[in-house]
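Chains as they are written, first to last, in the working numbering: chain U, 1 to 298; chain E, 1001 to 1286.
Fair warning: there could be bad hints in the mix.
Stated by the list, open to error - With a straight-line Cα cutoff of 16 Å, these simulated EDC-like cross-link-like pairs (lysine to aspartate or glutamate) come out:
no.	chain 1	residue 1	chain 2	residue 2
1	E	K1150	U	E192
2	U	K206	U	D170
3	E	K1150	U	E10
4	E	K1251	E	D1226
In case anyone wonders, no lab produced these hints; they're calculated from the structure.
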Amino acid sequence: MKKSPILEEEAERELSDIFHEIRQVFRISGVNLNFRKWATYHKFFPVLWDAIRPIAETRLFEDSSDHIRALAAQLADRLPRLKITPSVFLGESQNFQIQAALQIYHYINPKLLVITSVVEYACHHPTLSPFQPHQPDHELIPRGVPRGMYPMEMIDDPPEDLTLRKTFRDIERTLGLTDINSDYRTLALWPEYLVAAWHRLKPIVKHPQYLEAIMVLREAAQHQASDLLPRLALSDHQIDLLGRSRNDFLETTSHFTHLLPPLMLNILLMSLDWRSSQELAVSPFPAEFQSPVIGPSS
Amino acid sequence: MTWRDYQRLQLVSRLDDRFVSYVEAGNGPPLILIHGIPVWGYLWHGIYPELTRTHRVLIPDLPGFGFSDKADCFDRSIAAQAQMVDAWLGHLGISHATIVGHDIGGGVALRLATRFPERVERLIVMNTVCYDSWPIELMLQFGHPEAHRKLSASFAVRLLRQALKPGFASSIHRDLLEGFLAPYTTEVGKLSLIRNAAALNTNLTTEITHLLPGLRIPTLVLWGEDDRFQPVHYGERLAKDIPGSRLIRVKDARHFVMWDQPTLVTKHVLDFLDKNPSISAHTSLG
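The shape of chain E in the complex, shown without the other chains:
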């Protein structure tokens, strides 16, 4: 699926004066897939169709990312993104859902689970940011106040394309990388991504560390074990801190584990969902 095809599938929710673009498919208990930085919902297009067989899959572009709102003047931190996902689920009438997060999307998922526990009935994090594992150097550089002046949009995208390559275990198709970065090829897109990078704040995961042992939801920690951006020892620590959680180390996979091992990742996710059934097929807030 090209990114243009994926973009055509996107629906829209308006939350106050912001808007969220998202893809929705399938029936069953809601399953929310949250991307990280610097990508967007298109990240999940390789594995989500299989998940729609048993679940109502919803894939938002976090505000500031992809084809969601890229205007100025709103908080793009993972704390604010978690609040936004909470508000968005409420807007859609979804009282609770399974949350799947990757990279900073995992940080959003962890914040949701600890701050809005009633919303999260199952949790899956993949190569997530956590503790003091982030921001990585690349994103720190990108979020520098001078980046907007120093980098043209086309140069920034070229730079990111190169920088993302080590996130994959094997060579990645150029079209896929272009698709991941497509929303950021304009000056507005670039500026929005810079603002997103500037909002990365390790305090927002360290401050919830003490809450992790209090989580009482089925949790799967899935990790491409050769990840250079988010080393697997963070996954080990996470699995130790969250009671009853399980770490699955995925071999021959790096940061973008769902692209390095799509079949295996899908299988692990479906197995986990199968073994930890949703408490209700579909609950509405009414």
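With the rest of the complex left out, here is chain U:
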């Protein structure tokens, strides 16, 4: 039976604390679908988060994600332009806010792809030599939502608006989603924009160059996960906490590693209406440098 992702506002006690920590460590103004879906594996999720956190708070992880973002920008640049904005009448503030919303996902999606790839790898290769986060070369990045980041605001799914409801279902069908991603729910705050964007995206997602770009991104993320980033400290015993849900969890995680590359490309293609691929190759919220912290985790 399909498990519904846990909404941020419905998270209680320990889960609420973990969601708060996700926002701080991932430097993001909301909790994405990946985590909300993983959170449905109640016993395993806290263990998983304890394993993810030491990786996610390092410069090494941020750099890996930046690398994937830059690669995605390069790949998106070769795809046909959407040119959505000329076809939708948007006010100045709406334009500004859509760009601000796109920036959130342009920032977080590469991080999600890398971490999901790391989790997928770790589940298939339980480790005996867990990640040691506080090596001198593992600088920690600052915690907290970057200044000026737009809140991760989104509409409910299913939406009340019939056109949006149809668009959501079409996105799900076309992209093979089990749940509509936060990205589309955020963009649905401007319904005409999302509908027009999807109208233009839909034919592109079948384009051979688009499909090839997805493969390149997925492989690059797998490479980051297996070679550059040390493994998560997940043991067989911990993975056993999933019980009979083990395969289901692996399937869910694998699903995310498949849907994140197209999501990244879609956000990039929309962003290219406003920014150049060179601009988009750079992190919209670069993590400031700070002195490496050596010692036990606080």
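Once you have looked at the hints, place chain E on chain U.
Here is chain E on its own, set in the frame of chain U:
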């Protein structure tokens, strides 16, 4: 005008790492219309077009409200909002303006007039919060720390819709109420509104009481006299405390006086502006 149509008119100003959405129309001396809680700039859409005939009308969504910045971690008190309006006017190159405020927007206007007197050349307050007239019980409940957990966004909006109805003298069209509350239908919108409600602080009007008799600007106090949220006796006191000000009691009108009696309110505002002309048509800070 639907709220979606109104939203399309909104421009944006960036102030440090915050942004303010606002509507601007017309030419002439600047006239700033400030909404209260729990609405946004859309509150004024019924009367502002008439005002643009003689004035450059600017209608901000206060930060935390409407389609302005709803991020965390900033002060949403009326003191901070007054500072924000001051900074925003400076950003737009407006050295002084006529300020019109309703509800807590009136509180912002009173703080501007007393704390940034050089910015305010004429003042109009409508059914404003003042002295210890606020926060009303509804907003106290809404700003309770547990509200975020106890109320879903859709339930909160349903609750507010019901709670706002007594603010109108006659039945109000459902679309209008939905428009007033549209920015708060998401979890982020709801949380932002809760934060706004939690920031309501009566001290911020009581502490300027002693400054009111020192105001030397033309002031109009306009009040829907059947208001249950902000009773008219506060308007009487305000008119007594601000030298040279005048109280106009609007009959058959409650809190949302500009919706109960739009023609009359527009007329009173235009008469006041006409009788108290702006000292300069349009002054820029350069």
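Where does the structure disagree with the numbered hints, that is, which hint numbers, in rising order?
-> Of the numbered hints, just 1 does not hold.
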